[in-house]
Amino acid sequence: MTQTTTLPSTTEQRRHEFIGGAKATFPLIVGAIPFGIIFGTLAEPSGLSVMGALAMSIIVFAGASQFIVLGLLAAGAAIPIIIATTFVVNLRHILYAANLVPKVRHLPQRWRLLMAFGLTDETFAAVSSRYLQQEDIRTAHWFYLGSFCAMYGNWILCTAIGVALGELFPDMTQWGLDFAMSVTFIGMVVPYLTSKPMWACVIVAAAMAIATAAMPHKLGLLLAAISGISVGLSCHLILAQQKIQHCKSNKEPT
Amino acid sequence: MNEALLILGMFIVTFSVRYVLFAVAGRVHFPAWLSTGLGFVPPAVLTAIIVPAVLIPQGQLWVSPSNPWLLASLVAIITAFIRKDLLTTIVIGMLAFSFFRFGLGF
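If you read the sequences in order, they're chains E and A. All residue numbers for the first sequence refer to the numbering used here, where the first residue is 237 and numbers rise by one. All residue numbers for the second sequence refer to the numbering used here, where the first residue is -18 and numbers rise by one.
Okay, chain A solo, but in the shape it has when bound (with noise of 0.2 Å):
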């Protein structure tokens, strides 16, 4: 079945992420290259994520003032920068789209 395979993958991968150097316990060293560019994953991957959920959240392209997708987005991206709370960003945003999508039923 499809989803057994999915989730046995998911957890053979990040299982074997979390204990190789656990399991032989040698003292590592990552070229400080490597480390850096560790960094960049998270907000590289998740950006690829988001921008084409808010840009093409219907199959086409959409960017206009009509997208609410987009207009919450902006609202949430403004809020996150003056507030690093993320339950904050997430409430406003929510808020937002409700308000573009169903109040003003773009």
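The following block holds chain E by itself, in its conformation from the complex (with noise of 0.2 Å):
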């Protein structure tokens, strides 16, 4: 086996990672299906034309934000507003990429763009089990490119979809699908209430959105997202501030 590791990886290997990838990354990709169905139904109700939502699903690739931009569009948002938004909301993919620099340093640039340019959360959740099971590393990046075709390819196909069910059915609006973000949004929101800090980060950042809400530009989702994030996270180092010196009184005496 150790010998094995010093020959270049053949065809055959590359294809198994890539496969592999693909493969792992089905379940996930079964839960993007509705989402990318509603985004392409949306579009046009929420004043994106037919080519510019097919246009982000092919170049901007990022689910969870082109949600919101919707949301925002509908609402009137200025595009700097938008830009801003989307910028916030995908800062979580830097820890992503953090995570997996020693996975692709030894990859040249081109390898590197494309692995970036497919940087999703169900792909990262794909390769991370893949890094965890096995070590060698060789051919892993062909089962990264497995995962992100998988991702990317029914991404733009579940947008097309969404897109040509909103043209059948130019009415669909009327049956309440404003408020399949809204419940979708909720349901992504609830299993993050597991901590005292977390609840108080979506509190206030309730409470600021309203207050805020009639702020132009709807700058007011900035605002209320930051000043949920600060709470938050103030809460939790205070605890984690209390939670040190209550080790430490505790420990004194002995």
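Mixed in with the good hints, there may be bad ones.
Simulated crosslink set (DSS-like; lysine-lysine; CA at most 27 Å straight-line) [said to hold, decoys possible]:
hint : chain 1 : residue 1 : chain 2 : residue 2
1    : E       : K259      : E       : K339
2    : E       : K484      : E       : K432
3    : A       : K65       : E       : K259
4    : E       : K432      : A       : K65
5    : E       : K479      : E       : K432
Per label pair, the in silico range of CB-to-CB distance [what the hints assert, rightly or not]:
hint : chain 1 : residue 1 : chain 2 : residue 2 : range
6    : E       : Q370      : A       : L42       : 49 to 59 Å
7    : A       : F62       : E       : H252      : 39 to 49 Å
8    : E       : Q345      : A       : L85       : 52 to 62 Å
9    : E       : G283      : A       : L42       : 46 to 56 Å
10   : A       : L85       : E       : I295      : 18 to 28 Å
11   : A       : Q41       : E       : L401      : 44 to 54 Å
12   : A       : V1        : E       : G267      : 20 to 30 Å
13   : A       : D66       : E       : R346      : 31 to 41 Å
14   : A       : G40       : E       : H252      : 52 to 62 Å
15   : A       : P46       : E       : W347      : 52 to 62 Å
16   : A       : G40       : E       : A314      : 17 to 27 Å
It should be emphasised that the hints constitute simulated quantities derived from the structure, not laboratory data. Even glycine gets a Cβ: it sits at the ideal position worked out from N, Cα and C.
Both chains are sitting in their own frames, so use the hints and assemble them into the complex.
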């Protein structure tokens, strides 16, 4: 086994990795299908053209923020605000990238460009378990590519299906599809609510969102989010500090 | 054109965030507070979008038991706490909304 690691990878190995990556991502893709379709369906009613919706899925390729953009467009937010919000929402990817740096630094820059473009929550989850299971990373970038291609193809296809559905049934917005976005976000937020700082973050963000709702260009959204993040983080740091002091005072008598 | 500008801007910020560390490929250690802080971003942003959409669905603050957006959201929140499954929450929430909005005609 140790001898084979010095040999260059074969086409067979690459194919095996590529298919493995696509397979590992499959369960996550199933979860992404309704969002791709809902995104495509809601695009036009929110004020994004058919071409714009497809182009966004092809060029930006970031599910959660594309959804958020629709909400902002529908509310009439200014473009710089939308772009700033996209930036904040996607900042979490930098943590994924930091995590993957040791696995990509041996690769040429063109591979890294491609992998960075395909860095989504789903692909990160799939490749992370691949890296945990197998230490040999010589062909792991093909696994990554398989996962990325599966996600990317599915996202574009689902967007197209959604757009087509929206064209077929133009009165779909009357069915309360605007609420589909709210309910999706509720389902995404609730699992986070497992700690006091997280509750503080969400409550402050909610209150600030109402307090700033009348601000121009939907600037209130960013303000509310930043307030929530600051309060949540402060609570977390204060609680952590208290814990340390508590441990210290417990240890002192012994 | 505005749409092209929007997509270009979104691409630039999204791709930069994803690529910057891969490009330099140096070992990076984020301070703990920053990693923790980033963990608060998704729930904060999503909440800041949901709450006005639900409480101000038609231009004015509407906190009342006859607001179908509010009622259906409460149903969705309870569902999400019981079953941490996104699709279940969406389906139940949408059914609740249809019921309150169109069934009861609020």
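To see whether the hints hold, each was checked on the structure:
Of the supplied pair hints, the one linking E:K259 and E:K339 holds, its CA atoms being roughly 20 Å apart against a limit of 27 Å. Taking the CA atoms of E:K484 and E:K432, the gap is near 22 Å; set against the 27 Å cutoff, the hint holds. Among the hinted pairs, A:K65 with E:K259 is consistent with the structure: their alpha-carbon atoms are about 24 Å apart, no more than 27 Å. The straight-line distance between the Cα atoms of E:K432 and A:K65 is roughly 19 Å, inside the 27 Å bound, and the hint therefore holds.
Restraint check for E:K479 and E:K432: satisfied, since their Cα atoms lie roughly 14 Å apart, inside the 27 Å limit. E:Q370 and A:L42 have their C-beta atoms about 55 Å apart, which keeps the hinted 49 to 59 Å range intact. One distance hint, 39 to 49 Å for the beta-carbon pair A:F62 and E:H252, holds here, with the actual separation near 42 Å. Judged by the Cβ atoms, the range 52 to 62 Å given for E:Q345 and A:L85 holds: they are separated by roughly 59 Å.
Restraint check, E:G283 to A:L42: a C-beta distance of roughly 24 Å breaks the suggested window 46 to 56 Å. Between A:L85 and E:I295, the C-beta spacing of about 43 Å breaks the proposed range 18 to 28 Å. With their beta carbons about 31 Å apart, A:Q41 and E:L401 fall outside the hinted range of 44 to 54 Å. In this structure the supplied range 20 to 30 Å holds for A:V1 paired with E:G267, their Cβ-Cβ distance being about 28 Å.
For A:D66 and E:R346, the hinted distance range of 31 to 41 Å is satisfied, since their beta carbons lie about 39 Å from each other. As the Cβ distance of A:G40 to E:H252 is approximately 57 Å, the hint placing it in 52 to 62 Å holds. Between A:P46 and E:W347 the beta carbon distance is about 57 Å. The supplied range of 52 to 62 Å therefore holds. Checked against the hint of 17 to 27 Å, the pair A:G40 and E:A314 passes, with Cβ atoms roughly 19 Å apart.
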